[in-house]
Every structure is written in structure tokens, then in C-alpha cells.
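Protein sequences, first through last, are from chains A and B. First residue of the first sequence: 1004, per our numbering; consecutive thereafter. First residue of the second sequence: 87, per our numbering; consecutive thereafter.
Derived from the structure by calculation, the hints contain no laboratory data. The C-beta atom is built at its ideal place from N, Cα and C for all residues, glycine as well. It cannot be assumed that every hint is accurate.
[Unchecked claim] Per label pair, the in silico range of CB-to-CB distance:
| id | chain 1 | residue 1 | chain 2 | residue 2 | range |
| --- | --- | --- | --- | --- | --- |
| 1 | B | Pro610 | A | Lys1100 | 36 to 44 Å |
| 2 | A | Ala1071 | B | Ala823 | 52 to 60 Å |
| 3 | B | Arg546 | A | Ile1278 | 52 to 60 Å |
| 4 | B | Asp593 | A | Asp1419 | 51 to 59 Å |
| 5 | A | Lys1100 | B | Tyr641 | 20 to 28 Å |
| 6 | A | Ala1071 | B | Asp565 | 27 to 35 Å |
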Amino acid sequence: MLRHSGAGIGTLALAQLLSETNQAEASDGPSLAPRRPHFAPRAQRFVHLFANGGPSQVDTFDPKPLLARLHGKPIPRDVISTVGDAQASGSPAFASKYRFRKRGQSGIDVSELLPEIGSMIDDICVVRSMHADDISHDGGIMFMNTGAARLSRPSLGSWATYGLGSENRNLPGFISMCPDGYPLNETQNWQSAFLPGIYQGTFINSKHEDVERLIENIRNRRVDSTQQRAQLDLLARLNRIHQKPRADEGRLESRIQSFEQAFRMQMEATDAFDISQESKSTLDMYGPGQQARQLILTRRLLERGVRVVQSWYGAGFPWDHHGEIEERLPKICGEVDRPIAAFLRDLKQRGLLDDTLVLWGGEFGRTPTSELPHPTTTPGRDHNRHGFTVWLAGGGIKGGHVHGATDDAGFAAIQDKVHVHDLHATILHLLGLNHEELTYRYAGRDFRLTDVSGSVVHEILA
Amino acid sequence: MNRLLTGMALLCVGPSGLFNLAASADEIARTGEDFFESRIRPVLVKRCFKCHSGDKREGQLRLDQRVALLKGGQSGKVVLPRDSNGSLLIRAIRRADRDFRMPPDDADRLSAEEVRDFVAWVKMGAPYPDAPGHAVASPVADLREARRFWSLQPITRPQPPDAEPHDWPRNDIDRFVLDRLTANRMQPSVRAGEQALVRRVTYDLIGLPPTSAEIDAFLADGSADAFATVVDRLLESPQYGAHWARHWFDVARYGDTRWVGAGEDRRWPFAYTYRDWVIQALNADMPYDRFVTLQIAADQVPDARPADHAALGFLTVGRWFTGQLPDVIDDQIDVVTRGLLGMSAQCARCHDHKFDPISTQDYYSLYGLFAASRMPVDGNGILGDLPEVTPRPVDAATEQDITQLRSRIDEFLDIRVTALRNDFRARPKLLEYFRLATTLLDKDDNEVRAFATSNERDERLLLRWVRYLKRTLPQPKRDPHQIFAPWHVLAAVPVADIPTTIKALLDRQKADKLNPQVAAMLSPAPVSLDELATRYVDLFLKHDLEDRFEDNKDYDKERLRQVLRGNDSPVHVRMNELGQFLSPAEFETLTGLRRKLHTKLAGLPEQADQFLTYQHEAKPLLSKLNSFLEERREAAAAAVRSPDRIATYLLTAHEAKDVEPRQFRNLAKSRQLSPVLLRRWIDFLQRLEQHDSVFAAWRIFTADDNDFATQSQEIAERARQASSNLAVVAAFQTPPATLLDAANQYGELLARCHQNESFTNADFEAIRQVVSAANSPLRYSPNGVVDHLTRRETDQLRNHERNLARLYLESPGTPALAMVLRESSGSYAQRVFVRGNPHHAGEMSHGGIPLVLTDQPQQFTRGRGRWELAQSIVDERNPLTARVIVNRVWQWHFGSGLVRTPSDFGTRGAAPTHPLLLDWLAAQFMADGWSLKKLHRRILLSSTWQQSSQDNPTYRSTDPENRLLWRMDRRRLSFEELRDSLLAVSGRLDRKIGGRPSDLVKNIIRRRTVFGKVDRMALPGFYRYFDFPGANTHVPKRHETIVAQQALYLMNNGFVLDQAGHVAHRTATTEDPAARIGAMYRLVLGRSPSDEERSVIQEFINSQQPADPVVESDAVGAKGDDEAATPTAAAPDPANAWRYGWGSYDETRQRVTDFNPFRFSTGDRWRGGENENDPELGRIYLHSRIGHAGPNSELSVIRRWIAPRGGKLSISGAVSSQLNSTEPLGDGVRARIVSSRRGQLGVWLVCGTEESTDIPDLTVEPGDTIDFVVDARGRETHGSFAWAPILRMDASADSVTNEALVWDSAKDFKTAPPTARPFDVWQRYAQVLLESNEFTFLD
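Please take these sequences and the hints and turn them into a complete structure.
This is the structure:
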């Protein structure tokens, strides 16, 4: 059939061949073909809004009135438990400047810094009892992404695409976006490690608007589309001749198809990143700025069946407020509040929120105490891995719910503690994957995302 | 619990990461579980599990699970939690009952201390974590049993079987393979076609496609050993090493960068020397045992060449893990165990391996070995002390000559700049210009200049003061200037108002953030502005003499210091500003000196020139680093061995041994002791024998119930009696009044006895031996100095090293240095980290190679340990090493190994498909002297390898994975092979071996992929799409995927498009379309197209519209080729003779070897790309008279003249660089005139100078090229130049016009409007061939 050259017929023939390809690939080692999960999933796709740097919980989602009373004084030992990193427990209490209000039907307290997100609180489950292992940004971010602080382990997105494949064959299954450069740890954050390279996240610098700079090799300056179609038709004919005496080799067919897929990808990708197709009302809802743009892109990718999207706040670790927190935190919250709320609303309006799992949070939280005074800056808060807040929304999540609690100072999780491994187990669970069964044999051992621990937090499931 | 606590060694000796780890150590709860893990489990494993674990349940008792243990056995419950006396287990280990003693054999009895631990444990309630991974008896318990596993049995040399048909086997490999096939009623496939074979073998050995000539030669060779000839030729090719090294790098997780903390430079400066060493070693067929030995212990191998030190990159070029030592070492252990032994040991970091006989003991024995080795970046000044791998490119005399010239220039500049700075900083001058400038703040630059001239002041100095002070004037929306705000305010008020104004200022000082020193200076109020100015100047001068204030609290002092010392200070003349202060005469002197230097340098090879520049830059950095280290070493040695320090350590060690980690650190800090050293003291005292004669007295002194106030006599008496050492006894004849006294006495004694020479006095000698022992805290080696640095000193060291590293990385002349390991002063003694936690040390490890590999455990010897490890790995009796490597080589030839888990020869790995063949190959390999090339030859000449890849549906259904080798497996090219092949068929491949890594993101890089930079932190997408491994850990076998991104790369990537363009270009001279179709096909696929293929292609060519003609600088005027223009009979337009581009100059051949016409023009100049700074070509450009040089001779800017006719030619002109710049910095450019016929005609080096470039008399033939080549001597900065030569041809030579012909490069200069360059149909066809399955798959 492919002997006929010309775009129309060639394309038609492709559609038929596509189903064959899936078979060929399925028997042919690693692929991105969709795979059946372990059990019925609650979410089809997952998006991680990464507040890299470690947001302060006591200024956002975990109000602690006690701090106002203790402000400037040490926190008594009976309030915060004996664990303590460095100065965290020794420094004076540092009250939040921001008022909390009960929002929505559920009446969950949300800081005045995040009024728009507050308006969506009934769709959100706030987990106030997170805790993590590593106190440094590099280790903490790595752990949040891969379940290991230093060793080279596959990222959550890689595990998910390994387990589930992708619904869209013309786009990568796992995309990580960050405006203006890499977050700390760079490409290791979305590494596939020992999993095959196709499960590695594809990085996109969402600052760019030109699709060529968003996705590698998506454009050609020297061969136009019609000419390229003719090239691919010639290629297919030569490949068929080559294939004839090698009919047993599935990979030859896979490769023939990969060119057709690539050809379609050029259009699909252009389309996915073309934000000008959005209506004015949508654009208005998200508001201006990089965060808004990135979240619109995120939605467009999710709509097209990309399995996992990571949407980083920015390069490096900008939520790291050791000093000047009172200047920097309102600014950063102001930038994300409207776009994130719009994103949730948008997913909801399109019926996507039901089967899209959204996670917001950093690699750890911050201390309820002030960081040691510094001559040139106003105070901030130090890293705190013992207690911090993340929130989830969408597919399978109990909206308008608060899970767990920190101590009265907001320092350490004390009730219904959720470890990062537990969070991972829960995310995989909602995607239809059993974290203990999703394994990969490497170096003589079956590895999994949650190492030898992690349990699903059933209390937050709808 | 004491022992447990003191065992908690603060392991992290490297400065980085110490704080992180130490912080989290705070919260390690000392729970019963931890106690169990450290004190109980090891004993259970060692003494009990042999009979009471897993399936072995003597007396139906199992102790390897909490449940089972509590359940008990035949005799009932054995442990009653919290009731130690009632627990049978305790009775048994106490051996209380004659007939109920455990373990049964007296020799195995538990020590009293172990028994006490068990009692304590039962009292705690017998905590026993039943977490997964903890409850299993590992094979470690029974090594004899474990050694029965196939891979741990000795390698034998099996007899090759006698299999039918006899005519198939070409060598013994085939007999083994055939035997397995016939046993399964199968037959091997036929031999592959000659065409397929030569392609397959060429890729297999050198990773490149065969050229048509090579194919033809093989096809024409009818001799019986035609194929062997090809194999031998390929094995001799230097490209063999380049290809096979890449296989090894998957094992060695090779990478050029590392994971560092934010803000640090992640490039490994010299990883590439390891890469080059591997390539050379493979090319030289270095025996594998030596290959391995050098990679583990080149520094300990006596006959290693200096260049062999680069081999240590195997251990050093890993991922670095932001300096977290336990992870760095884990990675080293992994690369050694999985990489060389096919055994994974990483499991044993936390617990005994569950399936293989590797224990935590084994793991931590290796850990101790590697922990005692330091990597260059780990401090120690090793960074400045790396062995040079390549010989210096310049002789000593020349080096000295140049160094002297450079010193003279430096000295000249230095004297001038110092004189200027001192002059400008003189107090009267400061006062004068400060006051003067204040009156001129409303004037612009020209007015200031005019004022200076008419008042005979230094114009430039005054201008600097005015500009500086203007920046300090009040600005809207900004805080007032912390230092100068009062000055400006007070200068504007009447003198009488000064006191009140000052009062107002002082009232507001907090709000205005006024510098406190300035505020203090304001009172009492000065009576005049002059007095205030004097106070200001004196305040500046007071801080001017200080060192930089580093502390945050001295911030305001530092700001004041910066007024005179800062980079923007009006009186601080920077070297690059010096030019404007030089007199014409001084300029003349400087130029003269430089010209002298340049003349000497111009004649040197580029490499020598750059090396000398490096030397010049490195010298001050190295000397700073070395003197810093020297000082620290002296201080550290004193700190370790002075009597009062010893006393303090002794006392503190006594107090600190039981405290919590955080208090421990505080204690060390408050006494200003090194926590590392303090820990060593504690460990040292702990490990001494109970009856040790030297410290027996100390033990008495430190007894808990001592009361020195009342019993000093008795204590001293007891101490004297306890000690059998007379020197110690003598020291305490006078009873010490306090414990401090006793410590001081010890300090004196130990300090006195610590020396290298032995004492004749036996007592002193005994002390000397104790305090000089390997683990003594008094032992101190210069390499261990980092252990003694304070935080601030560590930062300083880091700074020095960073500067040096930057130079290493950025100076083009940096010599190749080896990334070595050096033994540090630490011993190999290493405790097991319980559950992998470095803050929780358990028992001592055995300190030797993994026990399963040896019958007689032997501890590594200090200073020789890595060598001993290497010896045990390459010992012919080691069952794993040879098997593992021959299996890898097999995999790299066949796609799969005989063992299909090449890095896991353990019980969880795959069993060999051909166990006898594997052993035979391993035995033969060792018999051949571990020669890899002989192994290749044997494999490649076998019928097995030469089989066709044709399908056999029946066999495929029974053996789909081709385990029995009934055919050859087809394979996809690797990423490296694909990219290299693209370059090979486009005729652009640069086959040079070795050197610094290139960034393959740049399409102009034509080197083999193995020489590309492997940035493991941000590997470009195309590597990953093509399954190039992430380089973070050892990779046993690559994945092979086929994804759309691979297709996109081939369809759209600029590099691929360039190669397609070149393929088309290579056949451009073939005018007949049919012939060109065939020529391109052969070029890419190595064979002629079939009729069917030909007609399909013909159809494609016919159906396409021809593309627009190409426009580039190549075609500005006449039509011409890169290499030689077609001369035109008459040359009406001289502009037609010129071309503009970039390319490389080959020093040895003295020719321009690669000319690329510029493609982008701005309308008035040609340049590298659309932007001024092109990502690939940088800032290069050419204008009519000026230009910007390329960075080096490989990427030079070239103005080319093509002789339209023959004749006698003369060239005149002058080249200059930075001629009118007042900045005496930079290193200028190198200009060459190169003739295609005669090579280099002249070379000049200019920097702030001008040289005439006349070539008086030269005969040229039509079509000859004369190139004007400019490069920036290795650095792109300061690369601008001016050069507009004029060429004249003798009039008499011209018979047509009979007048002189002149080509004036400036006048003739032309550019074209930039145009996109669409592909023509041939280029599009070429690209299709590069995309084809045939190009990517090997039959």
C-alpha cells in the first residue's frame, strides 16, 4: 500500500499500521504503549506542581496561633518534641504575619497569601503531617522525585510511565517543565536511572514560546513539510525492500513506524504548545505571567494524554526563604495563587479533574522559628523536614479534607504522619499501581520507588 | 551502652557534607533496635545462625526471626522478654549448665562482654526488628556451601566436545556451540555473505562502517585467510581502542561531570585523561590483569609509568554525590564488585546480602580501603600535585627564556601599578582630590577635564574621584549612602550649622543605616569641612591596611576598606586600566618587551605557546596554594603533638566518650579541638588492650570514683603499680594534684616519645611504639592536613582550589593531568555501619577481600591495600574475574552474553547458556596472557560468529531468544556508532584520538562520539533517545529502544542535515543522475542499489522540483569549489578572487585543511551565525579591514584568495590587535599566511602591537589559494584584529592586459544578503539513505 507516494495515501496506510506497531513493540522490550495497571485507577494522569525550595507551612496552610504568643521567645520543650535539626528548635519562635481564614464549605484555614487557592479548598486535601529524610535541598528534592536522596534511582514520573505507558504516542509520556532553566539537581530530577531511557522525563524550558526551543528536533529549516513527506515515502519504500527478506525482525517494522509517528509528532507538538489557541476567557482566568503560561501548557499536555507532567516553580530552588521571608513569600504566593486556582478550575470545568491527580508542595517545609539574625537581611525560616504541608486534588482525592497535624508550633508532624514514601505509594495507588509490585530487576535486586517502605494513605482517598 | 556510643565514629572526614550528616546524627534515637543491630545481630549471625536459621532448625529453634525466636524450640521458650535470668538462651550462652551450652563448641563461646550485651538486650524486652531484609539468614553464614555455586567454583579448562558435522567448526568455540545445538536437534546457520561480514566485523571492532575501498579489497581477496586479514587490520587500527573503550566506559560509568552543590563547578577537569588511557591501553592490548590492576592501584604499582596514574579515573570519575563520602565510596565499591567481579555488594551496605555470600563485613572492609584514599578535589592540595600524563610540548631552555621575558613584563606592569596606587593613596593627595572632587560634582566629564588641565591636576585621577563621589549622591527611592551621605549633607550647609546637622544625622542614623564607624567619627562635631574631610580620609586609611574583613559583623569595616581597596575605588588602579596612566615612553618600553616575546612565541607550535601561557598563569596560583598548605601543615603538626594539646585531647576524650553527638561537637568546639581528631583519640584509647602498659596509669587516673583533693597520693600509687612501664612510673613519682596534672604529665611524655627513631631505652621505646602505631592519633601525615582545618580554613582551601580548577578547565594550554587517588593518613580499620547508617558504627570489619573469594582471610596492608585488592581480583584462582570479562566481550560481539546478566554472576543472575564454553574461554584467555585482542580474534574467526542472521521460523519458535546461538542476532547501531557513521559517510570524520572533551551539541564537532563531553548531570536529549546510558552508575547492558525521538533526530537535527549535505556534496561532480544515485548509495550503504531500489529512487528524484541555487560566501563571485576554484580566463572583477570563511590550520602539514565558507552576513560583514555570538562558532567575523579571530587554529577565521591566474605575486599589509587600546591585557592573535602550494609563508603574533606582513616574491599557479588565517591563541576574548592585505601581480606576467593586477582585500570586500538554504533533491535523497533501516541495522 505504501508503494503509492503522496501524503494522503501514506497517512491512511499509517493508521492501519499503527495498531500493528503496538504489537510489534509490545513483544520488543521497553515501549511507551499504554499498559494495564494493577487495578482500576482513580487517576489517569498525574501533575506535580513543585514548589522547589521548601514553602513555609505556617504561613500558608498550617496556622499556629501559639506562635503569635511565643513570638521572639524560645519554644518550650514540651511543645516541640526532642528531635531537632541544628538551630531549628533553639531559635526563637517566629509568628506568621499572615491571617488565616476559614474557606469554602469545609472551612479549612488558608492563609490570606493564597486567596484564590483558598476558593478551591473544597476540592483540595491538605496533608499537614508530611515528613522527609533529607534536610538539604539537593537530597530533599531528589528524595521527593526518586525516593532516594543520593543514589541514582528512577523518578516517580519514570516509574509511572514504565507502569502505565502513555496515552499519546506523539508526545513524550513524561514531561517536566520549568521556566528559565533547570531546577536544582537538573536532569536527575526526572531521570529514569536504570529504567530504559524512554521513561526519562523530557525537559521543557517553558520560558520559550517557539516550539522549536521547547522540543528538540521538531522543526526543519531546510526541508519543508511536503518534501519531508516525499522523503518519508521514499524511505518507507526502501525500507520495505530491505525488510522483505528479514520479515522476522519486528524492530525493522517498529522503526518504519517511528518515522511516521515522528512526522505526526511535529504537528501534534506544535499544536500542544500553541497557547494562542486558548480562548480569551481562559487566558484571563489564568492571568498574566510565566506561571500562568506554564500551567496552561500543563493542561494542554494533560488533555493530550501525557501521563505525568511536572511543573516546577522556577530554576534552582526559589521557595527557599532563609531571609526576607516577609518580602519574598507574598511575592511568590502572589505569582502562583491565581494560576494554580485557575488550573484547578479549568480542569474541573473540562471534566479532567476527576481523573487527574494534582500534587502541590516542596521537598520539605520551614521552621516555625526564625533563622539566626543576619546583619543585612530581615529574618526568614530555616529548612524543616520534620513537618510540612503538601496538598492534593483531583482523581480519587477527598476534597475539603485535612489530614494529619503538626505539633502546636508547627514544627514536627505528630498525628497521622505521612512520609514521602507514603505519599509516593498513595500516588501510585491512585494511578492504579501497587507500589510493592511495580518493580524492576537491576543489579540482582527488584527495585521499587518506595524502597522497602511506604504505605498508602487511605484516609485521604475519596 | 558506652561501647555502642563510642563506636559511633564520625566517619565523614571530608569537609563537605560533614555538617549535613552530623546534623541528622542528632536525632538518631538510641533505641533497642539499634542496640540489637549493632550488638546482638552480628553475634547471632556469627555464632547461632549456622544451626538456627532458615531451614536449619536444630532443636526446632530458629533465631533469625523475632516471631520464631519468641516461639522457642524443642526445649520451650528460649527468651522471656525482660527476664534475663529466666531466659534459656542466656543460660545457654553463659554456659551455666554442663549439658546445655551454646554454641556447643567451647571455641565458639561468647565473650563475657557479648554475654552482657545479651543480658541487657533481654532486659530491654528483646527488641528485634522484623523489617524485610533483616530477618533472613544470608548465605554468608555458610561460605563453604556458598562456594558450591557455579560461578564461585574454580575455572576449569573443559575439553572441547567432538560434535557433528566436523566441517562446520573453525575453532574450539564452534565445537562447544555445535554440541549444544545438536543436543537440541538444531543446526547452525550458514555463513553470512561477504558483504554483511565485512560490515559486521568493521562495526564490531572499530564502530565505523567499512569504506568502499575496504569492502572491495576484501571481496577481491580470494585467499583462505582473507577474513583474518581484515580482522588483524582492524585490531591494529587506533580506532579499535576508541570503540572498545566506549564499551568499557559503560562498565566504568565514565562521565566528565559530577553532582556538586549549588554554585560549584561540576566539570571534572581531567576525566578525559582516564578516557585516553583506556583507549591507549586497549590499543596496546595491555593484558587485562594489568589493565585492572592499574585502574585500582596505579599509585601502588611499582613499575607503573607516570601516565598510568590516569588509570585511577576508574575510581575517581564517578558521580561524586555532592561529596557525600559514604555514597562516593559505595559507588567505588559498586564499580569494582559489579564491574570486575560480577557480584553486587551494594546490598551489603545495610545488611548481609540476602542471596549472595557478601556480608556487611566484606562491604565495610572495602569501605575502609577506599575511605583511606583521597580524591584530588577532596583537598589536601593534591589538586596542585597531579602527575602529568603527557610530556611537555616545549624544551626547558625555551621555557626558561619565555618565562624570563614574561617576568620582565609582569615586573614592569607591577612596578607601575604599585607606584600609581601608592601615589594616589598618599594622604595629602587623598585629601586634596577628595575635597576638589566634591566641588565638581555638578560638572560633566569634559568640564572636569578642563578644570584639571587649567589647574594642573591629574585629569584621570580627578575624573575618577568625581565619578566615584557622584555615585554616592542621594538618590530618590534609595537609602542614603552609608558612608558619604553625611559628607554630602554637611558640605552643603554653612559651617555654623554643622553641629546641629550632625545631631540630626545621628538621630536618624539607625533609620538611614549609617555606617557606625562614620557615625562615631562625627562626634564631637568637627569645626570645619576640612576637618571632616581629614577625619574621613584617616578613617579610610585606617582600614586600608587591614586584610579583607570576612566576618559578617565586620561588614561596615569592610565597606570602609573598599573605599580605597575596592574594585571601583577611585584610587585603586586595576591592571586593565593601567594603560591610561602610562606615558608614551612607558608604552614604548612595554611594546618593545612584548614584541620580543611575540617573536619568540610566534615560531613555536600552538600547543607549546598555550602551554607556556598556562604555566605563566598557574605559577602564582600554585604558589599561593602551596604556601597556604605549608603553613597549615606546620600548624596542624604542632596542634597534634604539642604536650598541652595532647593533654587537652586526653582529658576531653575522657569526658566526651559518653556524650550525645551534639554535645560531643559542642565540647570539641568549646575546647577548640578537631572533632575528627578527638574521635580518633577516643577510638584509640578504646581499642588499646586492657593491660596496655602505657595507658594503664591513665585508666587509674580516670576512674570514676577518684577524688584528687583527698587521695592524690593513693591514686598515684595505684597508677604506678598498674603500670609496668618504668618511664610512666617515673613520670608520676610526684603525685599529680589534679586530673589535669596527670594529663599534662602524659602530654609531656607522649610528645617526647613521639619520634621516628627508636629509643634504646626499652620503656621509652614501648611508648614510642604505641604512640606511633598506625591508629595513633599522634600520627600525622601532610596529606591528612584537611582533617585539621577549621571551617574558615577549609573555605580558603576551597577558594584556592576553585581558582586552580578554573584555570585547569579554561586555559587551553593545561597539560593533561591524572585524576589520582592518594593514600591518606587514616588506617583501613573500618567498623560496619549498622543498617548503612554512618552514625551508627557496629563491629570492626575484617579488613580484607570478600571472604567468599579467599580461603585465608588476610587484612589489607596499609599503603598496599588497593594493590592487594587488585591482586586478589586478577589472581588466576579468582573464579569470577576472567569469566566476567570474557562474558562481557562475548556480549559486545554477539549482543548477549553467555551469562545474560553480565554484572550479576550471583544466585539471582542468569545461569550460563554454555557453561563449558564460558570456562574454556576464561581459561584460554588467562593462558593467552589475558590478551583481549586474542580473544576477539578467536571469537571473530569462529563459525559461530560468522553465521548469517537469517531467520529460521522453527528454531525461532523453540528458542526465540537465540540462547543456543543458532544464528547471529541482528543489531541496531549504538548512538556512538550511528553518529560516527554519519560523519564517516559524509567524509567529515575527524579521526584524531584523545584530548579534551568536545561538546557534541555543537554541530561543527566532527570528532568521534567517544570524545564528546559526557555531562552526566545534563546529558543532551539525543544521547538518551538512543539509549546512551546515564553515566551515573555502572551499566551492564544497554537498553535498545526504537522511539519517535530517534526519527525526529534523523529527520530534523542540524547535525544530521549537515552530514546529508556533505554526502550530496561528495558526489556533486558526478553529473549523470543515474550514476549519482548509485554513487551516493554506495557511499552510505557500501553497496550498489538493486534495480528495484534504483527505480524507486529515480522516481523520487524525477518527482521533485530542483531547489533554488545555494547562496553563501562560497558563491559570492565566481562559482567555485572549496578546494580549488576554476580559474577564469579574464578576471574582470577582482572581488571574485576572494572567499570568506573559517576552518582549521594543520601545523604539521602546514596547510589549511578545512575551509568552510561563511553562511551568514549582516550586509556589511560575514559572521558565524545569526547572532553576534554564535553558539557553535562564537564571535568570529570578517569585515573589510577588521575581524574577530576564531579561538584556535582548529577554528580560525580565514580570508582566502584564489589565484585566477598564474604569476609572480607580492603581498603587503600589516596586522594588529588591540593597537589603540590602552588596556595591556589579553594575549592577542596569531596571524598566518598560508599557501596551498608552499604551506605557511609567515606567522605573526600581535597584542597591542602591529607587524607588517609583507611577502615580497611568490610564484603562484592558477587555482592556488593564499589564506589569511587568524586565531586567538586559544582564547576567544581579545580576539579582534585589523588586517587588510593587498596582493599585486607582476604586470609582465599578464599577457592580455599588460598592466599590474591588484587585489585589495579591503576594497574588494563583498558580502551577500543572508539566505536560508533549502535542501536540493540530492541532499534530500542523501538524508533518506541516512535514515534507512539498512544504515542503522547490522545483519
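Hint check:
1. Taking 36 to 44 Å as the suggested C-beta distance range, the pair Pro610(B) and Lys1100(A) conforms, at roughly 42 Å.
2. The given range of 52 to 60 Å is respected by Ala1071(A) and Ala823(B), whose C-beta atoms sit roughly 56 Å from each other.
3. At roughly 54 Å, the beta-carbon separation of Arg546(B) and Ile1278(A) lies within the given 52 to 60 Å, and the hint holds.
4. At about 55 Å, the CB distance of Asp593(B) to Asp1419(A) agrees with the hint of 51 to 59 Å.
5. One distance hint, 20 to 28 Å for the beta-carbon pair Lys1100(A) and Tyr641(B), holds here, with the actual separation near 26 Å.
6. Restraint check, Ala1071(A) to Asp565(B): a C-beta distance of roughly 30 Å satisfies the suggested window 27 to 35 Å.
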